[in-house]
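Residue numbers (full-length UniProt numbering), protein chains in the order written: chain G, 1 to 190; chain V, 1 to 190.
Careful: at least some of the hints might be erroneous.
[Said to hold, decoys possible] Once the Cα atoms are required to be at most 30 Å apart in a straight line, the calculated DSBU-like pairs of lysine-lysine come out as:
#1 V:57 <-> G:55
#2 V:55 <-> G:57
#3 V:57 <-> G:57
#4 G:57 <-> G:167
Treat the hints as calculated values from the structure; they're not laboratory data.
Number of protein chains: 2
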Amino acid sequence: MSSTERRERERAQRHQLIITAARELAEAEGWDAVTTRRLAERVEYSQPVLYSHFKGKDAIVRAVALEGFDDLGAQMRRARLAEISPKEALRALGRAYLDFAADRPALYEAMFIMPTDLAFAGTETPPALRAAFGEIVAVVGPRDGVGLYAEVFWGSLHGIAVLVHGKRMPAEHQGDRLDLLVEHFTPEAG
Amino acid sequence: MSSTERRERERAQRHQLIITAARELAEAEGWDAVTTRRLAERVEYSQPVLYSHFKGKDAIVRAVALEGFDDLGAQMRRARLAEISPKEALRALGRAYLDFAADRPALYEAMFIMPTDLAFAGTETPPALRAAFGEIVAVVGPRDGVGLYAEVFWGSLHGIAVLVHGKRMPAEHQGDRLDLLVEHFTPEAG
DNA sequence: TAGTGCGCCTAGCGTTGCTAGAATCAGGGG
DNA sequence: CCCCTGATTCTAGCAACGCTAGGCGCACTA
């Protein structure tokens, strides 16, 4: 059954190809440009092939988002581990988060803005999401049982990131905003 | 030219009718349900009439959003003026903001989530937006020249509101999150 | 080599935002 | 009183969207 294996391998490659193409197209021209037709053209297959891999366009976006959580988690982890003091670690993680949102806006959009049915805080939550949130918990400090501080710190970062991204808040002073947040959320100083 | 006046009056009424219908339809069934066809049917005119009032669908959404800022501004103002102490005023305004987002999700979406070309912080910023932001500045205290504290407080509120709305953060504990924010942003204590 | 089944593509459905051109209606002049 | 003029509204249709049915062709099995 070697041919079957090869087929499955090729199929998996194409699966990944679709996800990558969708992300690249979104990052280059925005999600509005990611239509099933253009995406199919880009992977050099016809439209229906997409539907043999994914239930629909939403599922493709979800797959792109899911990969993004690995990246974001790793980026935050690297940032916080590079610092010694809790305060500096917090600032580094916050900067990493905001940089991620600013540098890869389309990916960030798929992860945190577009409608999704990814389970975010439940038993079905994918490991990548859990790990990414865990980085925030680690740096904020699990001062309470439910991670309230981590939630609010995350929410604050997300808020300013998304308002800047939507041009509802000036892009300048983002560093100052982060400093202000860090000042308030530094562990112990609570 | 009385007939002309009447015509203009009727036209203005219809203009408002379209905005109201769009908002109601969005609040009842979500913005996806607000198609130009359904909206036209609802106002009992044909589709092209919409385009004689608005440049396109985006312009209708923008008009709905603009009205929302009056509501939100008033709601925040009422809340903060009902309290004496700065801390309680801050909490009341925050609660008003979060309640607005939770109670009128479609309207909130049009104001703060959907793509828009409304000028948010510039010379062209509509008075309603300016006034609403002014309420936040008033309650946070303009501790710096550029309203950094107000921006970050607003961003934090927006972040948790929108993450809960998108089911990316549990809906519970929203009150606790607000308390935590208020604790950190209370004037003087800063 | 003939049969068989899977995989891919062509074609098309219903819906979207938006627009061109026909039709209709109100108001004013002969 | 009637017809003409101009504005206003509607019918019809375009291109693009997400998605799907059905048939064709190729690769593998026997």
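Verification of the supplied hints:
1. Restraint check for residue 57 of chain V and residue 55 of chain G: the C-alpha separation of about 29 Å stays at or below 30 Å, so the hint holds.
2. Among the hinted pairs, residue 55 of chain V with residue 57 of chain G is consistent with the structure: their alpha-carbon atoms are about 29 Å apart, no more than 30 Å.
3. Among the hinted pairs, residue 57 of chain V with residue 57 of chain G is consistent with the structure: their alpha-carbon atoms are about 23 Å apart, no more than 30 Å.
4. For the proposed pair residue 57 of chain G and residue 167 of chain G, the alpha carbon gap of about 27 Å is at most 30 Å, so the pair holds.
Checked against the numbered hints above, the structure violates none of them.
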